[in-house]
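Peer 1: So the protein sequences, as listed, match chains A and B.
The working numbering applies: residue 158 is where the first sequence begins, and numbers increase by one.
The working numbering applies: residue 158 is where the second sequence begins, and numbers increase by one.
Do not take every clue at face value.
Put simply, identical chains are the same to the list, so a pair is met inside one copy or across any two.
Computed cross-link-like contacts, EDC-like style, restricted to lysine to aspartate or glutamate with a CA-CA straight-line distance of at most 16 Å [stated by the list, open to error]: (1) Lys362 x Asp240; (2) Lys326 x Glu344; (3) Lys330 x Glu246; (4) Lys362 x Asp342; (5) Lys210 x Asp238.
These are computed hints drawn from the structure, not numbers from a lab.
Protein chains: 2
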Amino acid sequence: MGWKAKEEKLDGGRERCFELSVENRRVPGVYWSPKKTSERLVLLGHGGTTHKKADYMLGIAKMFLKKGFSVMAIDGPGHGDRDEVGLSENPEKFEEAWISGGGTDGIVADWSAALDFIEEEEAVRPTGWWGLSMGTMMGLPVVANDTRIKVALLGLMGNWGPDADLLVKLAPKVTCPVRFLVQWDDEVVPRNACLDLFDKLGSKKKTLHANPGLHSSIPQFEVVASVDYLDRFVA
Amino acid sequence: MGWKAKEEKLDGGRERCFELSVENRRVPGVYWSPKKTSERLVLLGHGGTTHKKADYMLGIAKMFLKKGFSVMAIDGPGHGDRDEVGLSENPEKFEEAWISGGGTDGIVADWSAALDFIEEEEAVRPTGWWGLSMGTMMGLPVVANDTRIKVALLGLMGNWGPDADLLVKLAPKVTCPVRFLVQWDDEVVPRNACLDLFDKLGSKKKTLHANPGLHSSIPQFEVVASVDYLDRFVA
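Using the sequences and the accompanying hints, generate a full structural model.
Peer 2: Right under this line is the structure:
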């Protein structure tokens with residue numbers, strides 16, 4: 158358990174994978190660090206049916222590396238290297254994968270253990286969260302419980318899905334600044350379910366940004382602005 | 158009719174007032190131009206019970222002057238120099254003032270005439286609209302009808318008030334890029350009425366930004382960002 162030997166490059170930064178054992182679960186993770194050493198860290202929560210190193214995750218990671226952030230991601234319940242139901246080839250198995258992977262139950266412990274590991278290995282850092290859709294299903298419980306996370310980019314999620322009740326229950330416990338993204342024509346998570354979850358967030362500083370389009374069609378300017386947002390708040 | 162003789166300074170820029178006659182109405186206006194000549198113009202729509210030179214309007218005007226914009230504003234129906242019911246001392250007379258001043262009926266003609274005048278006197282310019290609350294009650298009809306306006310900052314308004322039906326009817330005719338501000342705890346224009354009006358805007362590029370707080374408590378960062386938004390889009 159710990160770092161894997163193989164090291165790769167991402168846009169001039171280092172990419173190292175690790176694996177931890179948390180309770181009875183394997184927790185496979187990846188850590189990217191920029192060319193210039195940084196004290197700022199962002200945790201990336203991937204979307205449903207994808208994984209910690211999906212193409213769009215690499216794209217976001219590169220944007221943070223350019224800002225001088227280090228970036229950490231782990232595979233969510235039943236996803237990526239923890240996929241045991243063939244999710245990657247059968248995206249309709251999302252709920253099955255999520256639930257059989259432990260759902261929200263193990264999420265806080267998994268991410269906290271991964272953050273402990275990185276903090277011990279690298280340096281203590283002010284930390285932000287970036288995660289949409291399932292990245293918010295993971296991020297909201299983590300941000301609500303782990304006070305090391307100082308700001309969060311959440312969204313594309315609502316009072317919806319297998320752990321809807323838990324999300325709604327935990328939302329008031331989120332107190333750090335949050336930017337919350339909504340796709341106005343979301344065909345996966347209904348708009349009103351998203352607005353409802355934003356409403357319930359406990360943060361005094363919370364901002365909702367909504368744009369026309371389907372679930373996965375966030376405008377690029379909003380993605381760029383979301384990285385800038387964490388850049389301003391993780392200090 | 159035309160420019161008034163008296164000229165003042167605003168943050169180093171020039172402030173000149175004018176008065177036009179449109180149909181049977183007096184249209185009193187103000188025009189601020191920056192130190193350095195600019196080809197970009199923004200129209201400022203003031204809020205209910207205020208007027209074209211209210212303190213917060215001067216504040217917004219200064220922000221645009223600093224970006225090199227020229228700025229124009231006129232008094233809305235029954236407001237400012239067109240106040241005939243004592244609105245400035247009796248803010249509860251808002252609807253009475255609005256309706257007796259002609260309501261939405263004369264708004265497009267008034268603003269178009271003022272824009273004609275400025276274009277003729279100064280220069281043809283790419284033009285944006287900035288107006289919240291009653292500034293949107295005026296701005297939405299103007300933007301829907303006057304194709305010279307290329308981008309708009311709207312908000313704090315919804316399917317609400319004396320001309321609610323007209324706003325809803327005109328919203329689909331707005332097709333330029335729009336940023337729309339919502340105050341999540343708006344005690345004047347209910348949140349859902351605002352979300353409904355945003356929904357009906359015809360623009361493909363529209364973004365909603367919502368923040369906690371009452372009607373008049375827009376966070377300063379959002380005001381600054383609204384000026385930056387027009388700065389990027391009026392080109």
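Peer 1: Each hint: holds or not?
Peer 2: Going down the list of hints, with the structure as the test:
1. Lys362 x Asp240: neither (36 Å within a copy, 38 Å between copies)
2. Lys326 x Glu344: neither (24 Å within a copy, 26 Å between copies)
3. Lys330 x Glu246: Neither, since 36 Å and 44 Å both go past 16 Å.
4. Lys362 x Asp342: Between copies, since 13 Å is at most 16 Å while 25 Å is not.
5. Lys210 x Asp238: This pair counts as within: shortest intra-copy Cα distance 10 Å, inter-copy 62 Å.
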